[in-house]
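Residue numbers (the working numbering), protein chains in the order written: chain A, 1 to 310; chain B, 1001 to 1318.
It is worth saying that the hints were derived from the structure and are not from the lab. All the given hints hold, so there is nothing to weed out.
Take a look, some chain B residues computed to stay more than 10 Å from chain A by CB distance:
| hint | residue |
| --- | --- |
| 1 | P1046 |
| 2 | G1052 |
| 3 | F1053 |
| 4 | N1062 |
| 5 | L1072 |
| 6 | T1076 |
| 7 | L1079 |
| 8 | I1087 |
| 9 | L1155 |
| 10 | Q1165 |
| 11 | S1171 |
| 12 | L1204 |
| 13 | M1224 |
| 14 | R1227 |
| 15 | R1235 |
| 16 | L1309 |
No farther apart than 16 Å at their CA atoms in a straight line, the calculated lysine to aspartate or glutamate pairs in the EDC-like style are these:
| hint | chain 1 | residue 1 | chain 2 | residue 2 |
| --- | --- | --- | --- | --- |
| 17 | B | K1106 | A | E25 |
| 18 | A | K217 | A | E202 |
| 19 | B | K1225 | B | E1213 |
| 20 | A | K217 | A | E199 |
| 21 | B | K1225 | B | D1210 |
| 22 | B | K1103 | A | E25 |
Don't be surprised by glycine CBs; every beta carbon is placed ideally from N, CA and C.
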Amino acid sequence: MTTPNAVAVSQPAARARTRSRGRGEPSLVRQILLQLLCLAIALTVLFPIAWVVSMSLDTTNTRPTGLNLMPAHPSLDAYRAVIAQPTENPVSFPQLALNSLFIAVFISVLSVAIGIMAAYAFSRMRFGGREFLMIAILAVLMLPPIATIAPLFVMLNKVVIGAFNLRNSLIGVSLAVLAGQLPFAVWNMKGYLDTIPKELEEAATVDGAGRVQAFIKIILPLSTPVIAVTGLFGFIAGWTEFYFSWTFLTNPDNFTLAMALNGMVGQYAGSTPWSSFAAFSILVALPVSVVYLLLQRYIVSGLTVGGVKG
Amino acid sequence: MNTRTAYLFLLPALLVMLVITFYPLVYQVWMSFTDYGLKNLKSTAPPPNYVGFDNYIRILNNDIVIPNFDFLRILTFNLFWAFTNVIIHVVLGVAIALLLNVKGLKFGRVYRAIFILPVVIPPIIVATVWRNMFDPQYGAINQLVNSTVGILFKLPPFTLDWLNQPNPIFSVYPLVLPLAYFALLAANVWLGWPLNSVVATGALQSIPGDLYEAAEMDGAGAWMKFRVVTLPHLRPAMLPYAIYGFVVTFNLFYLSYFMSGGGPFGQTELLVTTAFRLVNEQHLYGVAAAFAVFQFFILLVLTLITNKLGKATASYDA
Chain A
1 MTTPNAVAVS QPAARARTRS RGRGEPSLVR QILLQLLCLA IALTVLFPIA WVVSMSLDTT
61 NTRPTGLNLM PAHPSLDAYR AVIAQPTENP VSFPQLALNS LFIAVFISVL SVAIGIMAAY
121 AFSRMRFGGR EFLMIAILAV LMLPPIATIA PLFVMLNKVV IGAFNLRNSL IGVSLAVLAG
181 QLPFAVWNMK GYLDTIPKEL EEAATVDGAG RVQAFIKIIL PLSTPVIAVT GLFGFIAGWT
241 EFYFSWTFLT NPDNFTLAMA LNGMVGQYAG STPWSSFAAF SILVALPVSV VYLLLQRYIV
301 SGLTVGGVKG
Chain B
1001 MNTRTAYLFL LPALLVMLVI TFYPLVYQVW MSFTDYGLKN LKSTAPPPNY VGFDNYIRIL
1061 NNDIVIPNFD FLRILTFNLF WAFTNVIIHV VLGVAIALLL NVKGLKFGRV YRAIFILPVV
1121 IPPIIVATVW RNMFDPQYGA INQLVNSTVG ILFKLPPFTL DWLNQPNPIF SVYPLVLPLA
1181 YFALLAANVW LGWPLNSVVA TGALQSIPGD LYEAAEMDGA GAWMKFRVVT LPHLRPAMLP
1241 YAIYGFVVTF NLFYLSYFMS GGGPFGQTEL LVTTAFRLVN EQHLYGVAAA FAVFQFFILL
1301 VLTLITNKLG KATASYDA
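Between the sequences and the hints, there should be enough to build the whole structure, so can you do that?
What follows is the structure, given as structure tokens:
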């Protein structure tokens, strides 16, 4: 009964407080200076993006001959060309994207599904070996995934079934990436679960629901932000994976987006039209960037890996 | 009872990690004492020979086929790289968050929407795009110079090769900083400050306005308010991110690999790119394993130091 009343009272009070804070509206000169500063920062942020977008629309030259952020005759030819065949390998963009999508979904789904259960156990239960396991996960968390590339290559290479070599397959690459992503997923989601009040579950347990029920009915719905962010990070890790696929895969049918991208820069930049490179970069970045932007408000609350608590 | 439930929840993760994370790590330690190479890969091949600490000694003595390999120089550069990046990211991130937090700033939401963009672009794309931006002839950086300063002063075409300048800007062994380092730094600052700004903004908005009022009543100026009110509230939010950012930057593969390719003369090579080259280019699996063991201990020491640092400064406002 008192709650609506309290809100009604506190809102004008809060507004009055914000109004009286500081010196209020900045003066015109100050506002102009602030705007100039913000504009300058915005321009540096936007410059590389504008450059790539304009390059992808300008197919008149194979390489940009001047700084031209507004191409005179914009066309989507470069996009058409890279969708059909991005590199000299006879692989189309959809084929590459499908391979990358496989790795991305594999990692995203498995790291969240397996990780959230482990995170729940670490966050809510006290059991023998808890400290030891947490330290073990923390220890691998700080290791870059690349640090296990040698043993994973050798081990996965030993799994051969007929003509199928696990190392030389998308599943092999996915497993290698998952090895690095899972500790992150567990730790990140544990950090978030730690912030959910225990009382919510206790109430459910009193009502007769078991651990598993409480987990599914109460914890999972409340964990949406962290599940979204962890899943997204897993997806990005898989979608843009480079070093395992570049080292493990030899069959062009399995090649990924990042491998094709590598074939367009560095020593290969000379033989690639830069409009193709630009269009390809945008096609790779756009899907994850858009999803990331949509999940933006979750990012700070959903990224808890920095906080180390017992 | 509780323990059994806990392990049921843990079972899938433990099984997966046992097979693809922990076992490879143990296997790696064994590999590091062998001469595991291409010749041992075939299923019919003989097992590798035991070589004792040979791989470790060769790494420390820079006795590895990778050109310009120098363990101490790479480690020093790697530390310097991570440290300078994180300092700049945090300072810029906080400064810009403060700028956006000024009361009455027009178009604040528009700027916020623009400033988040580098965060959402995959690092591999950022790295390859910046590689092309620093191209001596066709890159956007040199063309920007040409179309502004160049036209104004009628200069000849500016074709500085940022990523391959052979003479280092700073060189006091073991720290060698070529021009490429500053190009990498520029790209990573572009990439890194926005997330710090997002975190700082979150922390700034959680500071109760009364605190500023109280400080004002006590006669505090802008700088005093920043030191007494803002900074202590930023610290607990920023510090974990700074530590996390340090580890991420320390292990940042893409910029070094795609922008400078570790060059010139391996001077911008990091531990992660070196580890990659040992496996991908040299096929020295045994040496790579020993190298990874070094990496593990270096990161362990770094984590312990940063944790200590975190705890020491966390007690500041307690």
